[in-house]
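Asker: As a plain string of letters, each chain reads:
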Amino acid sequence: MENIFFLFFSSFSVVFSCVVVLSKNPVHSILSLILVFFNASSLLILLGSEFLAMLFIIVYVGAVAVLFLFIIMMLNIKISALTTSIYRYLPVFFVLGSVFVFEFLMLFYFDLVSLSISNLYLCQINFINDWSSSLEPSNNINVLGQLLYTHYSYLFLLSGVILLVSMLGAISLTLHKRNDTKRQLIYKQIRRDFSSSIKWKY
Amino acid sequence: MEILIPMIYVLILNIFLKSLALIVPLLIGIAYLTLLERKVMASMHQRRGPNVVGFFGMLQPFADGLKLFVKETILPSSANVLIFILAPIITFLISLFVWAVIPFDHNSVFVDINVGVLYVLAISSLGVYGIITSGWSSNSKWSFLGSLRSAAQMVSYEVSIGIIILCVLICSGSLNLSSVVESQRNVWFVFPLFPLFVMFFISGLAETNRAPFDLPEAEAELVSGYSTEYSAMGFALFFLGEYSNMILMSSTVTIYFLGGWLPPIGLSFFGFIPGFFWFGFKTTSILFLFVWVRAAFPRYRYDQLMRLGWKIFLPFSLGWLLFISGILLGFDWLI
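Those sequence lines, one after another, are chains A and B. Using our numbering, read the first sequence as starting at 1 and increasing by one per residue. Using our numbering, read the second sequence as starting at 1 and increasing by one per residue.
Hints listed in this document are in silico derivations from the structure and should not be mistaken for laboratory results. Keep in mind that this is a model prediction, so the values were computed, not measured. Warning: the hint list may mix true and false statements.
[Unchecked claim] Per label pair, the in silico range of CB-to-CB distance:
id : chain 1 : residue 1 : chain 2 : residue 2 : range
1  : B       : L318      : A       : F12       : 44 to 52 Å
2  : B       : G162      : A       : Y187      : 43 to 51 Å
3  : A       : A170      : B       : L328      : 49 to 57 Å
4  : B       : L11       : A       : V64       : 55 to 63 Å
5  : A       : Q184      : B       : L328      : 54 to 62 Å
6  : B       : H106      : A       : E2        : 26 to 34 Å
7  : A       : Y154      : B       : F191      : 21 to 29 Å
8  : B       : N139      : A       : F6        : 35 to 43 Å
Glycine is no exception: its CB is placed at the ideal position from the N, C-alpha and C atoms.
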């Protein structure tokens with residue numbers, strides 16, 4: 001049963017990834033990208049890590065893809081934009097594809113224990129030696145939290161700093177002071193009342 | 001194998017009947033929510049409201065539904081037909097999906113998953129897709145502007161909603177909706193977290209595109225926003241989706257802050273009243289607030305809406321998150 005579901009979701013994700021690349025209408029390709037994200041999160045659920053699956057949907061589908069769609073709709077790209085030959089992108093494809101294949105081979109041939117979800121349980125037991133937690137079935141939020149805040153706390157803080165820097169960069173791009181715009185002073189507006197706003201002039 | 005196949009049929013039939021038992025009362029609830037809204041608005045305006053069809057107008061929702069059902073579906077010639085047809089269907093389906101994890105009573109929930117809170121957040125954040133695609137595929141300026149407004153609004157208020165939910169989660173110590181309710185047995189979260197309750201309610205108004213934040217459908221500026229080009233069943237599906245989202249938002253307020261199916265604090269002599277009654281009563285009270293707000297307040301301007309979301313709610317809820325986690329950590333009250 002699980003095999004059937006795995007084949008279903010993975011084949012659909014491959015098909016929709018092809019649609020993302022080959023579709024002439026950019027809106028269609030974004031919509032199929034969303035379907036790819038959905039299939040990927042279903043695969044994560046099949047792996048038994050429902051927390052990561054939900055995060056995947058919230059972050060990628062709920063935030064990133066909405067912004068993509070927003071921008072593409074506002075840019076008003078014509079459907080015939082794809083007139084250039086596909087072969088132009090062939091070298092880039094080869095470079096990225098070979099990197100990807102190399103990473104996959106690494107995954108298969110080297111022992112990267114900590115990367116797979118099912119081994120997180122093993123790590124936890126080895127690290128903490130808490131036998132009560134190995135008796136009780138703990139959910140994967142607990143396991144992720146215990147690993148993230150103990151074993152990988154430096155990496156966690158580092159990723160937080162990277163996000164902060166990128167956020168500051170995005171904000172600093174939008175900051176340029178203009179003097180010719182009128183700004184509202186909400187506090188001043190609210191503070192106005194009848195006696196201070198109307199004056200008799202004789 | 002011969003035994004296995006009938007088992008699968010029974011399983012499928014079980015799922016089918018369960019979801020039917022969830023969806024049909026929900027649709028009836030949506031229908032009567034429209035009637036409640038019109039009646040309450042009417043009495044606030046000192047009118048009578050619908051009172052012709054049926055006894056006290058009780059059959060009015062069905063008359064409206066029938067009218068929408070028999071009307072002609074118009075496809076604009078410049079529309080992107082596939083997406084144009086899919087958009088209302090997506091909106092309606094997504095508004096139904098979330099109900100799978102909402103607990104109505106102790107142990108009466110369709111699926112009880114460990115990440116229920118995240119599931120509600122994830123699926124309700126998808127509602128924006130139906131709106132944004134409908135606005136784009138209609139190929140009309142009113143629809144497009146309405147959908148852009150709606151998408152920006154929903155995305156920005158989701159941020160503060162997420163952080164408020166984080167505060168509730170820290171207090172309850174679980175992502176499971178049933179255990180969030182069970183953790184309020186001693187005190188409902190509305191009392192310790194009252195400012196968050198108010199902010200969650202206002203963000204819910206903005207998230208469901210209700211007055212005073214109904215900018216996407218501002219009749220004075222954009223004919224009727226993203227649903228301008230829709231007629232008959234397409235419009236009806238948008239309508240149903242919107243009202244289903246309203247009920248959903250009220251029930252999430254009930255679950256996070258008002259103690260779900262639990263009777264009022266410590267009153268054990270209410271024990272003979274079943275839990276689903278309390279759940280429904282609380283949800284209906286919040287829905288009444290939704291209608292009341294619509295009758296009482298004028299519409300916000302769009303820049304004021306964005307200012308409220310990003311410059312007031314977001315810093316304030318972040319501050320509360322730090323405050324609550326500090327208190328819980330300091331007194332060692334974390335669950």
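Asker: Does each hint fit the structure? Answer for all of them.
Answerer: Each hint, compared with the structure:
no.: 1; hint: L318/B to F12/A: 44 to 52 Å; result: violated, 39 Å
no.: 2; hint: G162/B to Y187/A: 43 to 51 Å; result: violated, 28 Å
no.: 3; hint: A170/A to L328/B: 49 to 57 Å; result: violated, 32 Å
no.: 4; hint: L11/B to V64/A: 55 to 63 Å; result: violated, 36 Å
no.: 5; hint: Q184/A to L328/B: 54 to 62 Å; result: violated, 38 Å
no.: 6; hint: H106/B to E2/A: 26 to 34 Å; result: holds, 31 Å
no.: 7; hint: Y154/A to F191/B: 21 to 29 Å; result: violated, 40 Å
no.: 8; hint: N139/B to F6/A: 35 to 43 Å; result: holds, 40 Å
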